[in-house]
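Asks: Residue numbers (this note's numbering), protein chains in the order written: chain A, 1 to 114; chain B, 1001 to 1116.
FYI, nobody ran anything at the bench for these hints, they're computed from the structure.
Note that the Cβ used here is the ideal one computed from N, Cα and C, for glycine as well.
A couple of the hints might just be wrong.
Between beta-carbon pairs, the in silico distance windows are [stated by the list, open to error]: (1) 1096(B) - 42(A): 24 to 34 Å; (2) 1051(B) - 54(A): 22 to 32 Å; (3) 1097(B) - 41(A): 30 to 40 Å; (4) 54(A) - 1056(B): 23 to 33 Å; (5) 1050(B) - 28(A): 17 to 27 Å.
Taking lysine to any residue pairs in the SDA-like style, the calculated list, with each CA pair at most 25 Å apart, reads [to be verified]: (6) 1024(B) - 41(A); (7) 38(A) - 1103(B); (8) 3(A) - 1031(B); (9) 3(A) - 54(A).
Only some residues are given here: those of chain B computed to face chain A with a beta carbon under 7 Å [as the list claims (entries may be wrong)]: (10) 1043; (11) 1061; (12) 1104; (13) 1105; (14) 1107; (15) 1109; (16) 1110.
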Amino acid sequence: AQKVTQAQTEISVVEKEDVTLDCVYETRDTTYYLFWYKQPPSGELVFLIRRNSFDEQNEISGRYSWNFQKSTSSFNFTITASQVVDSAVYFCALSEETGNQFYFGTGTSLTVIP
Amino acid sequence: DAGVIQSPRHEVTEMGQEVTLRCKPISGHDYLFWYRQTMMRGLELLIYFNNNVPIDDSGMPEDRFSAKMPNASFSTLKIQPSEPRDSAVYFCASSERQGENTGELFFGEGSRLTVL
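Bound-form chain A, shown alone (with noise of 0.2 Å):
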């Protein structure tokens, strides 16, 4: 079973649009992280933010914005009032305490249409 599940494969949206990223996560332990990472069209995979599991506080970064909700294992991202330059390959990850491994999802591509 995926460990990370992002059910949209692709989104498109018009400038100035916000949009919402969603991620639901899938582990037995307590202790958990959750983090975001984008892969811009030059490839790079940049690191967006992390979240331990005991920080259910959402958190909002410039246009960024994250909801963390354990009760439906989510943790969706928005930007809001998106720009070009946010297109590119959002993924969602996550590492469980037991071992280190990272579990990626499949990924969403945002298209930002000007």
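Given the coordinates of chain A, work out where chain B should sit on it, guided by the hints.
Replies: For chain B alone, kept in the frame of chain A given last:
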């Protein structure tokens, strides 16, 4: 501090040839990971090391693949002999434990391998 450094950035080779990909992790990071990314399979973990010791190599596709980490600042991923289906982008990443916490992965820019 420099990030994770991978070489070569691009490699084109013919089927049957040996390929060696190299990685220098961030200084002080005690975990090193090798990932492969393809359109069909996404990001796959091949192997990871902790303090230069391979911990989990269950993702290594077959015996043609091998990875080493002779010291804390260098790792190699070798494919011998290479096959066209090995064509992919290979990423190296490193991380550190931060007390009881798992640190984030820092990725290199990747090595794009094309096997003809």
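Asks: State for each hint whether it applies.
Replies: Outcome of the hint check:
1. 1096(B) - 42(A): 24 to 34 Å: 25 Å, holds
2. 1051(B) - 54(A): 22 to 32 Å: 27 Å, holds
3. 1097(B) - 41(A): 30 to 40 Å: 33 Å, holds
4. 54(A) - 1056(B): 23 to 33 Å: Holds, at about 26 Å.
5. 1050(B) - 28(A): 17 to 27 Å: 22 Å, holds
6. 1024(B) - 41(A): Distance of about 23 Å is within 25 Å: holds.
7. 38(A) - 1103(B): 17 Å, holds
8. 3(A) - 1031(B): Between residue 3(A) and residue 1031(B) the Cα gap is close to 21 Å, so the pair holds against 25 Å.
9. 3(A) - 54(A): Since the Cα atoms of residue 3(A) and residue 54(A) sit roughly 19 Å apart, the hinted pair holds (cutoff 25 Å).
10. 1043: 4 Å, holds
11. 1061: 17 Å, violated
12. 1104: Holds, because the Cβ-Cβ distance from residue 1104(B) to chain A comes to roughly 5 Å (cut-off 7 Å).
13. 1105: At 6 Å from the nearest chain A Cβ, residue 1105(B) passes the 7 Å test, so the hint holds.
14. 1107: Residue 1107(B) check passes; min Cβ-Cβ to chain A is 4 Å, inside 7 Å.
15. 1109: 5 Å, holds
16. 1110: Residue 1110(B) check passes; min Cβ-Cβ to chain A is 6 Å, inside 7 Å.
Violated hint: 11 only; the structure is consistent with all others.
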